[in-house]
Amino acid sequence: MPAALVIEDDDDIRRLLEVVLQQEGFTVTTAANGTDGIAALTTALPDLALVDVGLPDMEGYEVVRRARAEISGRIVMLSARTQDADIQAGLDVGADAYLTKPFRPLQLRKDLRRILGGGDPA
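Under our numbering, the first residue of the sequence shown is numbered 3, with each subsequent residue one higher.
These are calculated hints, taken from the structure and not from any lab test. Careful, some of the hints might be misleading.
What the hints assert, rightly or not - Derived CB-CB ranges, DEER-like: (1) Gln85 <-> Gly27: 23 to 29 Å; (2) Met60 <-> Leu93: 28 to 34 Å; (3) Met60 <-> Thr102: 27 to 33 Å; (4) Asp59 <-> Lys112: 18 to 24 Å; (5) Ala41 <-> Asp86: 17 to 23 Å; (6) Arg115 <-> Pro58: 15 to 21 Å; (7) Gln85 <-> Asp113: 16 to 22 Å; (8) Arg106 <-> Thr37: 27 to 33 Å; (9) Asp94 <-> Gln25: 30 to 36 Å; (10) Thr29 <-> Gly119: 16 to 22 Å; (11) Thr44 <-> Leu108: 30 to 36 Å; (12) Arg116 <-> Pro58: 26 to 32 Å.
Ideal placement from N, C-alpha and C gives every residue a C-beta, glycine not left out.
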């Protein structure tokens, strides 16, 4: 079973992401801040990491930079920041994709399947 790590400080969004990923067949580990998320990388060894940009203790960009050095799985940034510079910054530090909030669970599933190379079943 593939593993996912969700690093998101908003409790409701973190729980929603956990449910969506579980429905997609992932075993999910969660963290509410960057420090805990980075620590979880070594134990969870995720195939997929979802990282919020605005974390309470550090920018998600720093988390992604560190995560990229630790894991070979896909890293997706999630943020309400939609400026081209924010998106480019996420990709520059090693994210495979940058998705924006708010999101609809169905669209998130489709986006994650596409990012993971599983196609986009209609």
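Status of each hint after checking the structure:
A hinted range of 23 to 29 Å for the beta carbons of glutamine 85 and glycine 27 is inconsistent with their spacing of about 33 Å. Separated by about 19 Å at the C-beta atoms, methionine 60 and leucine 93 break the suggested range of 28 to 34 Å. Range check, methionine 60 to threonine 102: Cβ separation about 20 Å, and the 27 to 33 Å hint is violated. Distance hint for aspartate 59 and lysine 112: a CB-CB separation of about 31 Å, inconsistent with the stated range 18 to 24 Å.
The beta-carbon spacing between alanine 41 and aspartate 86, approximately 32 Å, falls outside the hinted interval of 17 to 23 Å. Taking the beta carbon of each, arginine 115 and proline 58 are about 30 Å apart, not inside 15 to 21 Å as hinted. Evaluation of the 16 to 22 Å hint for glutamine 85 and aspartate 113 yields a pass: the beta carbon distance comes to about 19 Å. The beta-carbon spacing between arginine 106 and threonine 37, approximately 30 Å, falls within the hinted interval of 27 to 33 Å.
In this structure the supplied range 30 to 36 Å holds for aspartate 94 paired with glutamine 25, their Cβ-Cβ distance being about 31 Å. Our hint of 16 to 22 Å for threonine 29 and glycine 119 holds, since their Cβ atoms are close to 19 Å apart. Between threonine 44 and leucine 108 the C-beta distance comes to about 32 Å, which sits within the given range of 30 to 36 Å. Checked against the hint of 26 to 32 Å, the C-beta distance between arginine 116 and proline 58 comes to roughly 30 Å, which is consistent with it.
Comparing the model with each numbered hint stated earlier shows that hints 1, 2, 3, 4, 5 and 6 do not hold.
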